[in-house]
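Trainee: The residues making up each chain are set out below.
2 protein chains.
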Amino acid sequence: MTVFFEDVSEGDRSEYGSYEVTREEIIRFAEQYDPQWFHVDEERIERESPYGGLIASGWHTAAMTMRMLVEAEFRDAASVGAKGTDELRWWRPVRPGDTLRIETEIVETVPESPERGLVRVRVETYDGDDERVFSMIGNVMYLTRDG
Amino acid sequence: MTVFFEDVSEGDRSEYGSYEVTREEIIRFAEQYDPQWFHVDEERIERESPYGGLIASGWHTAAMTMRMLVEAEFRDAASVGAKGTDELRWWRPVRPGDTLRIETEIVETVPESPERGLVRVRVETYDGDDERVFSMIGNVMYLTRDG
Chain B
1 MTVFFEDVSE GDRSEYGSYE VTREEIIRFA EQYDPQWFHV DEERIERESP
51 YGGLIASGWH TAAMTMRMLV EAEFRDAASV GAKGTDELRW WRPVRPGDTL
101 RIETEIVETV PESPERGLVR VRVETYDGDD ERVFSMIGNV MYLTRDG
Chain R
1001 MTVFFEDVSE GDRSEYGSYE VTREEIIRFA EQYDPQWFHV DEERIERESP
1051 YGGLIASGWH TAAMTMRMLV EAEFRDAASV GAKGTDELRW WRPVRPGDTL
1101 RIETEIVETV PESPERGLVR VRVETYDGDD ERVFSMIGNV MYLTRDG
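Chains as they are written, first to last, in my numbering: chain B, 1 to 147; chain R, 1001 to 1147.
To be clear, the hints were calculated from the coordinates, so they are not data collected in a lab.
Only a predicted model underlies this, so the values are computations on that prediction, with no experimental measurement involved.
Be aware that a few hints might be false.
The calculated label-pair distances, taken between Cβ atoms and stated as ranges, are [claimed, not checked]:
1. B/W37 with R/R1044: 38 to 46 Å
2. B/V107 with R/E1108: 22 to 30 Å
3. B/M1 with R/R1145: 54 to 62 Å
4. B/S14 with R/E1031: 38 to 46 Å
5. R/E1006 with B/Y51: 33 to 41 Å
6. B/G128 with R/G1052: 40 to 48 Å
7. R/E1048 with B/Y51: 22 to 30 Å
8. B/W37 with R/E1042: 33 to 41 Å
So, partial list: chain R residues that the calculated Cβ filter (under 8 Å) puts toward chain B [to be verified]:
9. T1002
10. Y1033
11. W1090
12. T1099
Note that CB positions come from ideal geometry on N, CA and C, so glycine has one too.
Work out the full structure, taking the sequences as your base and the hints as a guide.
Mentor: Given below as structure tokens:
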């Protein structure tokens, strides 16, 4: 059943996902998109990283969060993309061996036209110790039933 | 020469980068991190995409922007990661064949301790027609000369 704009309400909450973070994927993502030494250079990390070990690129954490969102929330939604995000924060490093999950809450729904509406959704990502590692407010466009 | 917190000033501007966007990379990124149909399903895109063709995941655009930032601005910087970003916006779709570039401007520098400071940098990504496709304000931590 497709979820349209009219089906989404302020205060709706959900929990989803299980994403296992591997050393190989951390390095592969960072080598392509964020080759700062503290994401890719294991010898230098060993010697001098302030994080005490290999950590994922923040953009990788955002991408893994998106994967969980798509599999759960957007799979059956009449979502047609996002305008952007606000207050994106990387609270704690994500490390190899972490298993991530997400929690979402609809913070606002704004009709924009007869065909579309804006859904503002708070997304928080947690690690296996239930520590919050990432959060943002997404501004997502949904089609209405007439859209 | 390493760029420390003391070397960064409000109003500093730069232009960098040249990133060629390919169909293969758009689909590869989206299949792993953002498998919404309008990023991966070329038959359905042909039939019904509101975007008139394949477009990159917004997180892919963010990641390509980060790659250009790292190659230029962070390669020689005493940057130790970011707290987050504000006002992240996807202004226009990014398509196969686009060549992206970025412009940056330092909007604020905030000393946080004798060892570290926060640099707020506006980042804008443009396509080959000089249309802005992406923007954000990054909150990046830099070491001081004493850090």
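Trainee: Is the hinted range of 38 to 46 Å satisfied by the C-beta distance from B/W37 to R/R1044?
Mentor: Between B/W37 and R/R1044, where Cβ atoms are some 41 Å apart, the hint holds.
Trainee: Does the interface hint hold: is R/Y1033 within less than 8 Å of chain B, judged Cβ to Cβ?
Mentor: With Cβ-Cβ at 4 Å, under 8 Å, it holds.
Trainee: R/W1090 was flagged as interface toward chain B. Is the shortest Cβ-Cβ separation under 8 Å?
Mentor: For R/W1090, the interface hint holds, since the closest Cβ of chain B sits about 6 Å away, which is under 8 Å.
Trainee: Should the hint that B/W37 and R/E1042 are 33 to 41 Å apart at their CB atoms be regarded as holding?
Mentor: 38 Å, holds
Trainee: For the hint 38 to 46 Å, verify it against the beta carbon of B/S14 and that of R/E1031.
Mentor: 24 Å, violated
Trainee: Between B/M1 and R/R1145, is the Cβ distance one that fits in 54 to 62 Å?
Mentor: 59 Å, holds
Trainee: R/T1002 was flagged as interface toward chain B. Is the shortest Cβ-Cβ separation under 8 Å?
Mentor: 12 Å, violated
Trainee: So the hint says 22 to 30 Å: do the beta-carbon atoms of R/E1048 and B/Y51 match that?
Mentor: 45 Å, violated
Trainee: Falls inside 22 to 30 Å, the C-beta gap from B/V107 to R/E1108?
Mentor: Since B/V107 and R/E1108 have Cβ atoms about 27 Å apart, the given range 22 to 30 Å holds.
Trainee: That 33 to 41 Å hint for R/E1006 and B/Y51 (C-beta), does it hold up?
Mentor: 23 Å, violated
Trainee: Using Cβ atoms only, decide whether R/T1099 comes closer than 8 Å to chain B, and label the hint accordingly.
Mentor: Hint on R/T1099: violated, closest Cβ of chain B at ~17 Å, above 8 Å.
Trainee: Could you tell me whether the CB distance from B/G128 to R/G1052 stays inside 40 to 48 Å?
Mentor: 42 Å Cβ-Cβ, so the 40 to 48 Å window holds.
Hints 4, 5, 7, 9 and 12, counting from the list given before, are not met by this structure.
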